[in-house]
Structures are given as structure tokens and as C-alpha cells.
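A.B. asks: Given the coordinates of chain A, work out where chain B should sit on it, guided by the hints.
Line by line, the protein sequences are chains A and B. Just so it is clear: in the first sequence, position 221 is 221 by my numbering, and no numbers are missing. Just so it is clear: in the second sequence, position 244 is 244 by my numbering, and no numbers are missing.
Think of the hints as simulated: they come from the structure by calculation, not from any bench. These numbers were taken from a predicted model, which means no experiment stands behind them. Among the hints, a few may not be true.
Just some of the chain A residues that point at chain B, by a computed CB distance under 10 Å [stated by the list, open to error]: (1) V122; (2) S161; (3) T163; (4) L296; (5) T315.
Just a few of them, taken from the derived set where beta-carbon distance is under 8 Å, the chain A residues facing chain B [as the list claims (entries may be wrong)]: (6) V128; (7) A133; (8) M140; (9) L147; (10) Y188; (11) L256; (12) L269; (13) G272; (14) P307; (15) G308; (16) Y316; (17) L317; (18) R321.
From the three backbone atoms N, C-alpha and C, an ideal C-beta is built for every residue, glycine too.
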Amino acid sequence: MSELTHATAPKRFIGGQLLGSSQLVLGVILAALCIAISIAAPQFYSEANIIAILRQCALVLIVASGMTMLIITAEVDLSVGASLAFVGCIGMAVLNSTHSLTLGMLAALAFAGGVGLFNGLVVTRLRVNSLIATIGTMMMLQGGVYLFTREAVQNHNQLASFTDLGAGYVGAVPVPVILAALIFVVAYVTLRFTTLGRYLYAVGANEKAVRLSGLRSERLKLFAFVVTGLCVGVAGMILSSLMNAGQPTAGRGFELTVIAAVILGGTSLLGGRGSLFGTLLGVLVLKVIDNGIIILGWNQDLQMVVPGVVIILATYLDIIRNRANVR
Amino acid sequence: MSLASTASAKTQPSTLARLFARQELALLVCLILVLAFFSVTVENFFSVRNLTNVLGQASLPLIAGIGCAVVFISGEVDISIGSLLATIALPLIIIMNDTNSLLLGVGGALLFGLIIGAVNGYLTAYAGINSLIVTLGTMFIMRGGVYLYTGQRAIPDDASLDSFIALSDGRLFNIMPYSAVIAIILLVAFGYMMRHRPFGRQIYAVGGNQEVARLAGYDVRRVKFVCFIISALLATVAGIILAARVGSAQHTAGLNFEFQVVAATVLGGVSLAGGIGSLTGMALGVLILQFLSNGLRGLGLPTEWQLVITGMIIIAAVAFDEAKRRRANGG
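So that you can see chain A by itself, here it is in the shape it has in the complex (with noise of 0.2 Å):
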């Protein structure tokens, strides 16, 4: 058995060890659409199309930063998305009374790493499953914002360096897509190269292995708690910058799309495996099908069908793979 994979191991292409290859068919799946989308509508490539496709990516990317982290230690999150309106609404009201962006920013951050960590508590600590968790987190939070607020939190003062947070450019590029490239850029190496993302694939593959080797798994898991929490603190106040408003009822669903990216990009909602360039690939492709409905101008309920779609397809090729494999 074992000298069967040292046979096969060397014959496994260069690219296909660079990428993994889940990683390789979600690349072609994402050059064949956007080949399609601009044969059939040339302004696919417009400057003003990318710019906008990136920065729709943005949200969803900053917040799945943090769940690609979240989901290979074997853990979930559904609360993000009322989160994300309840920061919204939380950061608004605070730039108001107090003039400060830093301030607003502060309380949106501190307010939705409390959300992580309360997950994160009653996960580790009171070992509820974390699916059930995360909903009864995401109940709280959707009658707490109506409590804390009926309407949207106008923006009161209309702070220059508020607005540019969602709708400003650096250069040709806008301000969330740059916040976006930074987080994913750290939440990549932190995967990647250091020791702490190795322990966060090894809580996921295994536990009690982590466990038994002196490690706590328990803090590992809460730190990726958190660090969803912080990604949703950023996504709520570039979202409430765009809408110029606090909304209570932003985010429905959110939750649902951020999962679905991460889970198209290969990580495994067992634990262990995956990897956040998947997820960067996986926002991509999710949201060059949502462009690629609105320029061809197809019915943009289409959004919500095609990406049902794709998740399950593209889950299904991966096993397929697997299959031939093992064979």
C-alpha cells in the first residue's frame, strides 16, 4: 500500500501541487464563465464592470476570510449575517454621538468580536454544537437589533472619511477591495506559513490528537471565533458606509452566501482541509455569475438558483475526483 503512493506521488502534475487540484477546476470553471459572460457581452470587461465586481467580492470575501479559518477547525458560524446589521446599526449610532470614525470603527469591531467570542464560549466551553449555536446567536441577534433600533441609524454627520470607507478609491481601486486584499493577504499566511494555522488544520482533522499533544483546542477554536467576529466588524461598517445607513435588515442571508463561497473553494465543512485561496476563487465565481445575470439582463432571481447549483455541482466533481483517486 504505501509503496503504491510513493509510486503515484511523483507523477502528480506541478500545477496541481501549487493549486490542489479542487482549487484547478474552480479556476477553469471561473475562466469559462467569464470567456462566456464577455463573448456574450463585451462590456463584461469594462473597467467600471471589474471595479464593480470586486467590490461586491469585497464583503463577502472579508467575512469569508474569517470562516475558511472558522470551518477548517470543524466549526461554523450561520450568525454572521445578523451580525453584520447589528454592527451596522451599533457602529452608525456611535459615529453619530461621538463624530469619530476610529470610535464608530472601535465599537463595531468590539461589538462583533463579542459576538465570536460568545459563539466561541458556548462552543468550547459549554460544548454546544456550534450549528445550533450560531442559530440561536443569529435569533438573539435578529430580535436584538429591532430592539435596539426599529429604523435604519441615518448617518447624522456625513464624516468624508465614513463614506470613503465603502465608496472610496485608492488609485483606480476602491477602499473595501483594498481592506479585502489586506485581510485575506494576513489571514493567508497566518494559514499558511505559521504554526498557528497549522494547528488550526490539525484541531480540524483531529481533535483529540491536538489535544493529546498538549495543545488547547479550545483556545485555537475560540481565536477562529473571533476572528470571524472581527471580519464581520469590518464587512458591517463598509456595508453601512455604503448604504449611508445603519440597516437592520441588511445581511439576511449573508450568512448562507458566505458559506457557500468557502465550501465551493474545497474547504471541507468535516475540518482539516481547505485553503483560503479556494475561497478567494469561490467568492469569484459566485460573484461573476451574480454580474454575469445582472449584464446579460436575465432575471436576477437567476442569483439565487445558479449559485444552489454550482454548490452542489461542484461538491459533487470534488468527490468524483476523490473517487478516481483512491482507484
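C.D. replies: For chain B alone, kept in the frame of chain A given last:
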């Protein structure tokens, strides 16, 4: 201290303690406490009218919860039921509007439900895709499909058949809403199946340990496949009652319904890990949440508080259950 504990360990645990170890009894006590609390604090809470009203409201999560629990016990999840509610209302209402026949409408809806369940079941059991991903996908596809087909408008029930309207406001002997009667009949039937029929035992076996079930000669794939069909068909029944209640096919019907059902099922002690739990527990979980939200409304709390409190209760209940299990296993 150590003497006392060894002594008590050797004697049989008291009858009361043994009863309390059963999940269902603890839940029953919770339900009675909820009922008692609101009977004292809310006027007219403990009236036949209000209690049967709540049972009527509880019928939707009760019926769909049976399917949810069956799928959980088999070791899988189904979060597509909310979207399914909206989907099957389309053939139901359209066929009824065309033919003026409740039977044909319900038949069409059940056929749709059967197909959806078969797709979920096939993709999970035979294609081997994680059921959370499958049903997340079909949840998107169905909701999007309904939006596409209806253009995000409700399709009203023009036939207004008496038998269909009776599903929403009719009462057996003028007391019990028909929807609650249907829920109770289905609960008893499926409760019997899960406990006393070979297929029910197969479901527990498959969820408890798939490998052992396979070695024991059970067709694991077929069992899971059928569980998804059961779940979809029961959600279809819930969807038919919902359509009767709102008198139309609503494109937003059942939004977040899956989370409500999953929460109640887990509160009822049905484990996501599979193989553990009972329909009685699930039913008690649903009733606790329904009476709680009804009572809180009676106290004049805004509906948002109900969400907050429900969320807290679910987390607390599962945490408590987990602590109990760990203590039982010796840490």
C-alpha cells in the same frame, strides 16, 4: 463525604432520579413550568381557546419537525424545508385554481414534495454529498425558482374551496383545529414507526453507527434516501396547511422556518450526531417554544424579545444536555 458517595452509588438510584434522567420527562417538566408560569401571569392564557390556538400554530413545526427529527436521527440534516414550503404551494394553488379540486391540488403538491425529497435523498445517500451542502443548495434553488416563477408576487387562491379553507380555521368538534389533529395523527403514526417497526430501528442503527448498520446487513443508502423523502413529504403537508392559512402561494412563505424547526428539534433532545432522540422529545421541544412565545406575547413583550429569549433557551438547553451527558459518561 467519600463514604456517603460510595454508599449512594451502590444503592439503586431513586425512581424519581431515574425518571429525570429521561430527556422527555425533563422536557415535560419544563413545559408544565412554562404553562404554569403564564397561567398565573397572563389572563386567559389557560383557556381552551388559547391552548387550542397555540396547538394549531404549533402544527406546522410539529409536522415538519417529525421529518427533521427522522433525518437527524439518520445522521443527516435537511435545511431545505423552509423553501419547500413556498415551492409546493405553487402546484397546490395553481392546480386548485384550475380544477377546483382539493384532492388534485394536494396530490400535485405531494408529488412535488416527493420529487424534492428524492433529489435531496439521492444526492446525499447515493452521490455521497454532505447533506448540509445538498440541502443548502436545494434551499437556494427552490427559493430562487419560486421567485423566478412568481415574479415575487403571491398567487391567490381563487377556488376558495370550503374543504381547503377548513384546513386553516376549521375545528374538530368545534374545539381542536384540524391542523393540530393532523399533526397529532402524524406524530402517533411516525412515533409508532420509529419505536416499533423494523424501519424505525434501522434509522436509529444507521444514525448511531453507519458502519455497524452496514455490516448488520442494512441498506444504509436506502434508509437515508427514504428519510429525506419522509422529511420532504411532511414538510409538504405543513406547506399545504400554511397555504390554506394565508389563502395564497406566498413567495416568502417559510423564510427561516428551517431554523425554527431545527431549533425546536434540537431542544427536544434529538442529536445532530445521529442515532439519538425521539419524536416525543421533538414534540415537547416545539410545544415549549410555541407556548413560550404565545405567553410572552400575552405579557405584552414585543415579538423581538421572543426571538432573543428563544435563542438563549436553545443554547442553554443544549448546553445543559451536554453537561448532563458528560457527567453521565464520567466527565
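A.B. asks: Now, for every hint given, state plainly whether the structure supports it.
C.D. replies: For each hint, the structure was consulted:
1. Checking A/V122 against chain B: minimum C-beta separation of about 6 Å stays under 10 Å; hint holds.
2. The interface hint given for A/S161 is broken, as the beta carbon of that residue sits about 33 Å from the closest beta carbon of chain B, more than 10 Å.
3. Using the Cβ-Cβ criterion of 10 Å, the hint placing A/T163 at the interface with chain B is not satisfied: the shortest such distance is roughly 30 Å.
4. About 15 Å separates the beta-carbon of A/L296 from the nearest beta-carbon of chain B, more than 10 Å, and the hint is not met.
5. Satisfaction of the interface hint for A/T315 is found here, the shortest Cβ-Cβ separation to chain B being roughly 5 Å, below the 10 Å cut-off.
6. Below 8 Å, beta-carbon pairs count as interface contacts, and A/V128 has one with chain B at about 5 Å; its hint therefore holds.
7. Given hint, A/A133 at the interface with chain B, holds; its Cβ is 6 Å from that chain's nearest Cβ, closer than 8 Å.
8. Taking 8 Å as the C-beta contact cut-off toward chain B, the hint placing A/M140 at the interface holds, the least distance being around 4 Å.
9. A distance limit of 8 Å between C-beta atoms decides the matter here; for A/L147 the minimum to chain B is near 5 Å, and the interface restraint holds.
10. The closest approach between the C-beta of A/Y188 and any C-beta of chain B is roughly 24 Å, which is over the 8 Å cut-off, so the hint fails.
11. A hinted interface residue such as A/L256 counts as satisfied when its beta carbon comes closer than 8 Å to some beta carbon of chain B; here the least separation is about 6 Å, so the hint holds.
12. Annotation: A/L269 was flagged as interfacial toward chain B, and the flag holds, the nearest CB pair being 6 Å apart, inside 8 Å.
13. The restraint placing A/G272 at the interface with chain B is violated, with a minimum CB-CB distance near 14 Å, outside the 8 Å limit.
14. The interface hint given for A/P307 holds, since its Cβ lies 6 Å from the closest Cβ of chain B, which is under the 8 Å cut-off.
15. With a least beta-carbon distance of about 3 Å to chain B, the hint placing A/G308 at the interface is held under the 8 Å criterion.
16. Among the interface hints, the one on A/Y316 holds; its C-beta lies about 6 Å from the nearest C-beta in chain B, closer than the 8 Å criterion.
17. The beta carbon of A/L317 is not positioned within 8 Å of any beta carbon in chain B (closest approach about 10 Å), and the interface hint is therefore violated.
18. Of the supplied interface hints, the one on A/R321 is violated, with its beta-carbon coming no nearer than about 12 Å to a beta-carbon of chain B, more than 8 Å.
Violated hints, listed in ascending order, are 2, 3, 4, 10, 13, 17, 18; each of the other numbered hints is respected by the structure.
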